[in-house]
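J.: Residue numbers (numbering that gives the first Met the number 0), protein chains in the order written: chain A, 0 to 277; chain B, 0 to 277.
Possibly wrong hints are sitting among the right ones.
Chain B regions said to be covered by chain A (calculated; three or more residues, Cβ under 8 Å) [said to hold, decoys possible]: (1) 16 to 23; (2) 75 to 82; (3) 260 to 269.
Quick list of the computed label-pair ranges, beta carbon to beta carbon [unchecked claim]: (4) A:Ile26 / B:Pro89: 35 to 41 Å; (5) B:Gly43 / A:Arg19: 28 to 34 Å; (6) A:Ala113 / B:Ala183: 35 to 41 Å; (7) A:Thr55 / B:Leu15: 44 to 50 Å.
If you are wondering where the hints come from, they were derived from the structure by calculation, not from laboratory data. Glycine included, each C-beta is placed from N, C-alpha and C at the ideal position.
2 protein chains.
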Amino acid sequence: METRELRYFVAVAEELHFGRAARRLGIAQPPLSRAIRQLERRVGATLLDRNSRGVTLTEAGSVLLREGLAALDAVDAAERRTRRAATGRPGLVLVTKAGASAELLAKLLDAYAAEPDAVSVDVQLCGIGEQARLLRDGRADVALLHRPFDSTAGFDVEELTTEGQVVVLPAGHPLTTRPHVRTAEVAALDLPTPRWPQPDGTYPDGAGPRVRDNTQLLQLIALGRAWAILPESSRSLLGTDHATVPVLDAPSVTTVIAWPPHSRSRAVADLVRTAARL
Amino acid sequence: METRELRYFVAVAEELHFGRAARRLGIAQPPLSRAIRQLERRVGATLLDRNSRGVTLTEAGSVLLREGLAALDAVDAAERRTRRAATGRPGLVLVTKAGASAELLAKLLDAYAAEPDAVSVDVQLCGIGEQARLLRDGRADVALLHRPFDSTAGFDVEELTTEGQVVVLPAGHPLTTRPHVRTAEVAALDLPTPRWPQPDGTYPDGAGPRVRDNTQLLQLIALGRAWAILPESSRSLLGTDHATVPVLDAPSVTTVIAWPPHSRSRAVADLVRTAARL
DNA sequence: CGGCAGCGATACCGGGCGGGTATCGATCCG
DNA sequence: CGGATCGATACCCGCCCGGTATCGCTGCCG
């Protein structure tokens, strides 16, 4: 199976529409139809049901979509990492969620920079749930992930810290006088839960305000329009507009450092070792 | 990058010889040379050093070899799993080392077969170190691995059992009267350590007898020509020709059940849950 | 030192396939 | 019933993959 075929299939499987998929791929629709048919013949399976008015994935098709995306990421990673290796410039790309573990990250970077063979580290901040993708397709070498929010599936990981969570509220909110609260009390507040975008960029249905990043979230909280339960360490991001209260029964958050399992990079190994010693 | 190009490059990188690689690929040498050149131009990096008399990998080339193999496995896995899904026949392929964890495996299969939605399980036995490959390229759905011998890199795992190791000796050997021994004592025996094949099929240099599987190993031990340190559970394979003594300071062996991280299969999840409950 | 063998690169050719346009056939809708 | 939508089909063109023949370099050996 060629990557071209895979890319074509993924486009159709995601768009569920030959015309749109062809436009997205920058080709005409007929060659795309033919390519998918050929792929189906070669695999020996129907991948798409072309019902009147619409295309749907078969069982086999959804398997190929999932596995194909992973395979395409692996191919992209191979190309990117090769290109990076070719420049001869060493250097790591570390990716983490914007606004998370800022203090830990600073300590890690300082400690690593003091190592004898340290290379430069580019820190890349990204949105929710994008880290795994960047790590898989070779745009990043190492990531800071936060369990249980981020999936660490398919990576090697080393646990760094575990911390409790706090509820973030506007300064002066009645609850902020309490030494600690429970999730049920927070949920009982007359405030909607903010909605975060899903991986495909759309928002789930519901009542809450739509937020795209931490700044938006914090501003909404300051305005008394939302609340959030965040790891303790995010307190360092807050000013006088916000107050926090520990949440006793919220799951604790573990920060882990993750890297691709077959990484052979000396620099990644050094960075991980440094992190584990913090 | 197309998988054809990757396959070509991998062939040359492994053979380090254009002619042989072309023969292995079933094409003539000139198109192969051209394809590699094109790949190098497109990646923008020299992948191979063509010295007079021989080809060697550059830094970038060895990165592409490693990452490319993983990517090709992922593509193969996508195709295989799609084909499997298309047959409609459910069924799992479980792979494990021949001769390892026989009792555990039997219990697992029995317990799983009693589950309400159990599907058929093909057990595939393979040689040392092949399990990871089979799991990566889609020929297997789930594997029993043994840490620290097998690498679990890149898979999701669940620990099943941990056991100590014993030294296997011919029946009547002086050491077998002891309640336990230490590795140093075993190493001090005037017996060579058997040599196992490396992943590429060749044997490391050295003095010991070459073995390819457990049967060969056990026969050599019975003949007094070798010894082996194996997990306790392998005692169930031994007859009256062998005797075992616990080794106090040998690392303990953990049997884990492993599956591809993005597996969405109901059957795999059921099997893993059953295994975890044993 | 010259001839030869081994090996990768180059030159050149033919066929297959990927991509394009035009069009068809089916289905849904007003 | 006519039009719109959407995937499939028909057909053509140009590129690229693969083949054969050959070159150029290098190291070896007589």
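J.: Each of the hints needs a verdict: does it hold here or not?
T.: We went through each hint and held it up to the structure:
| no. | hint | in the structure |
| --- | --- | --- |
| 1 | 16 to 23 | violated (count 0) |
| 2 | 75 to 82 | holds (count 6) |
| 3 | 260 to 269 | holds (count 3) |
| 4 | A:Ile26 / B:Pro89: 35 to 41 Å | holds, 37 Å |
| 5 | B:Gly43 / A:Arg19: 28 to 34 Å | holds, 32 Å |
| 6 | A:Ala113 / B:Ala183: 35 to 41 Å | holds, 39 Å |
| 7 | A:Thr55 / B:Leu15: 44 to 50 Å | holds, 48 Å |
In this structure, only the earlier hint numbered 1 is contradicted, and the remaining ones agree with it.
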